[in-house]
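As they're listed, the protein sequences go chains Y and D.
Take 51 as the starting number for the first sequence in the numbering used here and just add one per residue.
Take 51 as the starting number for the second sequence in the numbering used here and just add one per residue.
Because identical chains share one entry, a pair is satisfied inside a single copy or across any pair of copies.
Once the Cα atoms are required to be at most 25 Å apart in a straight line, the calculated SDA-like pairs of lysine to any residue come out as:
(1) Lys89 <-> Gly172
(2) Lys200 <-> Arg210
(3) Lys271 <-> Ala240
(4) Lys311 <-> Tyr116
(5) Lys271 <-> Ala87
(6) Lys271 <-> Gly160
(7) Lys311 <-> Gln354
(8) Lys271 <-> Asp159
(9) Lys89 <-> Arg170
(10) Lys271 <-> Glu239
(11) Lys89 <-> Met274
(12) Lys89 <-> Tyr167
(13) Lys358 <-> Glu319
(14) Lys271 <-> Gly365
(15) Lys200 <-> Ser253
(16) Lys89 <-> Arg171
Think of the hints as simulated: they come from the structure by calculation, not from any bench.
Protein chains: 2
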Amino acid sequence: MRRVRSKQLGCLVALSAAVLTMPGATSAQSLNDVKPARKPLVLKALGSLILGGRTVVASPSETGLYGGGSLIVDQMYVQYMIPDRARGTSIVMIPGGGLTAKSYETTPDGRMGWYEYFVRRGFPSYVVDQVGRGRSGFNQIPFNGVRAGKLAPDTQPNLRRSASEVAWTRFRFGPAAGVKFLDTKFPVEAALQFAKQTVPDLSVSPQPDDPNYTALSELAKGIMQTVLIGHSQSGRFPFEVTLRDPEGISAIVAIEPPGCKATEYSDAEISKLSRLPILVVFGDHLDVRQEFGNSWLPFYQDCQNFVKRVNAAGGHASMLHLPDKGMFGNSHMLMEDKNNLQVADLLIDWIAKSIQEPQAKMSSGRKIRQ
Amino acid sequence: MRRVRSKQLGCLVALSAAVLTMPGATSAQSLNDVKPARKPLVLKALGSLILGGRTVVASPSETGLYGGGSLIVDQMYVQYMIPDRARGTSIVMIPGGGLTAKSYETTPDGRMGWYEYFVRRGFPSYVVDQVGRGRSGFNQIPFNGVRAGKLAPDTQPNLRRSASEVAWTRFRFGPAAGVKFLDTKFPVEAALQFAKQTVPDLSVSPQPDDPNYTALSELAKGIMQTVLIGHSQSGRFPFEVTLRDPEGISAIVAIEPPGCKATEYSDAEISKLSRLPILVVFGDHLDVRQEFGNSWLPFYQDCQNFVKRVNAAGGHASMLHLPDKGMFGNSHMLMEDKNNLQVADLLIDWIAKSIQEPQAKMSSGRKIRQ
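Chain Y with its partners taken away, still in its complex shape (with noise of 0.2 Å):
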């Protein structure tokens, strides 16, 4: 944390912060923006699938069309790329909070994403939609028992979403709403693309049965020899899920997790997480203080205290601090900075250091499992 401090506030650059604020007709990426890859992908395999869920019993009114009935809520929607040539390892990317899989996917300026970059290194890999959000759908049954006044208007989950003005200093793009830091790695250009990525945010979590840790332990279990990717307020899912059931992962890693639990955890489930190697994962500009908040400097702390308790009880797990690195300015959405697929490689040096990987098994038949 030396450099971060010596460098405050004294190194911005305003941007318009019009275009933050402007309401009306917002211009869109054009496509393009986007810039394919010069090699073609080569892949064995993709699609998606649903994963968990449960059954209830609407009636009409809660259905909202037709008549009452059957309904499925609780699921979760995974995308999969298999490369031609796959190594025996998987990589599972989890979205963080307001957030879908689009955060893995291309950059909000166009640049290709992790998803792709996985895959391009030899990973299976797979990006999931949390349960409650995007094409994993919700349970609008709260909603609807509030419309036809069956049940109290306030007993209907809220729907959270950062404005944009919020993000950019929670997610450290800079100090203030349209002023970023000089050496920041947020495409900050393409700052109202990003904006478009967030949708309504209904979950509760983390909770001791979230629906989440059963569908990505089924996920885990179905892959097997997986890698476990959370980020922000799904940084702490691969620990949790790892506590339920460790079948199937071979590593955890935590980006920018809202704390590690450091003093919270057990012995018993320290131990329990020692049998993994993990990584947690934070960029720069930590200490900045938010308007909403504290900054980000308490859960690095409690993250780093929870690598030391993790490590003394015979564990494998380490702190990437990228300024340590020397790599500066990254945000809190750092699979989407500039500097995305440099991250994306130490993450992979610490995937091949950390695991025994082993040897791929497509070629055996037509499954999927790797």
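Position chain D against the provided structure of chain Y, taking the given hints into account.
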């Protein structure tokens, strides 16, 4: 329609209706049910972007998180794949009501969907989530207004989703929930996986100023030489987009739309539509009476009249009623039916016959324009 009537309900096989209505845990499709293709898929590019949208200013209770500020609503999420050796014509696929682009991906029983298939047949292909659904997100402001007691509960949009039992008959898997048509092409054994594909639908379309039309028009202009394919609730979207601005659109396909407005379109509108090749597609069992509303027959008949009216105005419209081609048992979800790729072949034959396909322009630069 000859054959349909002679079959009626005599040829039905009862499926276990219990799986449809049983509350509680739902067994998920296994990853091992997914069947990859035999040949690798070679892509020049793939990715996603978000088009359209407008910025609104929300209060803290409306954003539901931290403070108030700007939110973008009415944007459209788009995913695309460009094959390595691309044709000059592109395909845009729009899902139907309560569904996401998942409709065009891996089928509920794990077979290849249209999205991958059109790419394998050489078409740069685009799938979208409708505005207000899936990864496009939705406008949460009216909901949070009700929750905060600032708006009356009944001002909140109705969230619509077909119960599994209702979808079974309305989507023509069979004449009653859990009972299949003997010749059904829908993978009814994976009906639970299909039920997981449906998401809450806030749309009140068609509206004259539907933001889907704006975003689709922008997409077509960005791609050029596009075939727009709509389905069910979005079945007439290609007509409506064309009427507003035909630029970039080469041909339009309406799959089982809720009628074709045969008598509602003005002569001027019919004249505009007569300048493009138009294909309307319907599956089988159109005359089976639904529990809610009529059979599909009136929609089919209205579209037959539409085709006649367009052609009388000098146009190039065709009706593809699959039983007339010897393909029986197709459901409303014909892009997921067991003969889905054969149906796609009919569309591709029609495209090849109906439009002058331009030379591929992929080699000229880094742009996606083809």
